[in-house]
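**Q** Let's have the full structure, built from the sequences with the hints guiding it.
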Amino acid sequence: MQPESGAASQAEIERVVLPHLDAAYNLARWLVRNPQDAEDVVQEACLRAMRFIGGYREGDARAWLLRIVRNTAYTFLDKNRPAALSEQFDESLHVPYDGKASDVEAEFARSTDRRMLQAALEMLPVRFREALILRELEGLAYKEIAEIMEIPIGTVMSSLARAREQLREKLLTAQSKGAHRGVRE
Amino acid sequence: MACESDKLLLHAYFDGELDLVRSLKIEEHVKSCSDCSQDLRQQQTLRTALGTPGLYQRAPQSLRERVLAAAGRESGGASSSAALKKAAMLRSAWRRPVLEWLAVAASIAVVIFVGLRLVPGMRNERQTELFAQEIVASHIRSLQPGHLYDVESTDQHTVKPWFDGKLDFSPPVRDMADQGFPLVGGRLDYIGSRAVAALVYQRRKHIINVFVWPESSGDVANTEGFERQEIRNGYNLIEWRKGEMHFAAVSDVNADDLRQFIQLLQKP
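Protein chains in written order, with this note's numbering: chain A, 2 to 186; chain B, 78 to 345.
It cannot be assumed that every hint is accurate.
[As the list claims (entries may be wrong)] Distance condition first, Cα-Cα at most 20 Å in a straight line; then the derived DMTMM-like pairs of lysine to aspartate or glutamate: (1) B:K84 to A:E170; (2) B:K243 to A:E15; (3) B:K243 to B:D227; (4) B:K84 to B:E105; (5) B:K84 to A:E166; (6) A:K144 to B:D96; (7) A:K144 to B:E229; (8) A:K144 to B:E105.
[Unchecked claim] Stretch-level coverage of chain A by chain B, calculated; a stretch enters the list once three of its residues show a Cβ under 8 Å from a Cβ in chain B: (9) 13 to 26; (10) 65 to 78; (11) 123 to 131; (12) 141 to 152.
[As the list claims (entries may be wrong)] Calculated from the model, a selection of chain B residues having no Cβ within reach of chain A, i.e. all distances over 12 Å: (13) E105; (14) A214; (15) E229; (16) T231; (17) R305; (18) E307; (19) N331.
Read the hints as simulated data drawn from the structure, not as lab findings. Glycine included, each C-beta is placed from N, C-alpha and C at the ideal position.
**A** So, in structure tokens, the structure goes:
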């Protein structure tokens, strides 16, 4: 039986979607911050991708799929956790580091434990977190990030700058707290 | 002292997103600005930290199976049992998702191109020709904006671990900045239906791509000391074999420079 036009053939799914499933899951996982919800979001996104595979022209399949994933994730957050979308930059967390310049790096290098990193990343406002994940974990160029997040390239640049600045501060804060309390496993 | 210059541009510079002119301008500025050079170092520390294993969340096998099964249903009832069967097959065969999926894809490709490629002892002229075509095509594609690297770093200790879990082998990576061939990054590429490591080096303003993959045993090129050189589409291409690895370097630098580069690379 011939699939209807616009619907995906299995071969197309295997060619276009499956090779990028890790990228899809990684993005969803960092957006919704929960493994089970991430799986649901990716499955939903893949179903949408299959239905609208007609909209995919030969080109960057990863960016195409990731755009569907992030839209699905935001729909999910909007419905289930609207607070996650309105997270503002919390000024009370914005404690400027007052150590000497040379201390910053030394302190910072000590603070980059995986769990601490994960916690700090998860505290970032969702759109900053998204830009940073796409750039640093997925290794995408600004142009690709702009395409996925549907924002101008200049906004990608400023989001990354803010994200890095905030992540660094959160890590330093976490690190200094850890030093006071003693790091617990 | 805080620098008044545009810090946003420093991020774009760090991400390799600026054109050459602006990039050089910032490079020049950073040399004499301790504030900006410290910012850059911190960005690099952050990037290294974000490369910590375990932060990248790979799709669980169960999700892969759910998607495959759903693909079967979407494309018509007849193929859904095939999809489930395939998912079961993959479940038994796989441990690490991406790699092993590639392995299955590669093995299917081998069946399709039986007698043509990747079959032990069958690397004939036709296959050598196909490899050379793919290598040069990959090189040209990599020169298009945004395609040069997946991981951008001049640090071999960043580039090498980046390949962990992405390939079923660990490519040798070394920076040769001191010899005039700085490492600038690495990416995943595909040659002869398999995932290969592509290491990106620079020679002045020229890019050199080095493709590395383990050679299947029994291949004609499977002899230590195998080497061939050609010019294709104006690019110099040199292939050689060292240990278990097959190497192919391609660039628009002149043949002498490329040969010098390879001699340096081959040094123990």
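**Q** Now, for every hint given, state plainly whether the structure supports it.
**A** Do the hints match the structure? See the list:
1. B:K84 to A:E170: holds, 17 Å
2. B:K243 to A:E15: Holds: K243 (chain B) and E15 (chain A) sit about 18 Å apart, inside 20 Å.
3. B:K243 to B:D227: holds, 12 Å
4. B:K84 to B:E105: Holds, at roughly 15 Å.
5. B:K84 to A:E166: Holds, at about 11 Å.
6. A:K144 to B:D96: holds, 14 Å
7. A:K144 to B:E229: Status holds; Cα separation ~16 Å.
8. A:K144 to B:E105: Not satisfied, since the Cα-Cα distance of roughly 26 Å exceeds 20 Å.
9. 13 to 26: Coverage by chain B holds for the segment 13 to 26 of chain A (9 residues, Cβ < 8 Å).
10. 65 to 78: Answer violated; 0 residues pass the 8 Å Cβ test.
11. 123 to 131: violated (count 0)
12. 141 to 152: holds (count 4)
13. E105: Given a closest Cβ separation of 21 Å, the condition holds.
14. A214: Consistent with the label, A214 (chain B) stays out of reach of chain A, its closest Cβ about 16 Å off (over 12 Å).
15. E229: violated, 8 Å
16. T231: It holds; T231 (chain B) is separated from chain A by about 15 Å at its closest Cβ, greater than 12 Å.
17. R305: Given a closest Cβ separation of 31 Å, the condition holds.
18. E307: holds, 30 Å
19. N331: Given that every Cβ of chain A is farther than 12 Å from that of N331 (chain B), nearest at about 30 Å, it holds.
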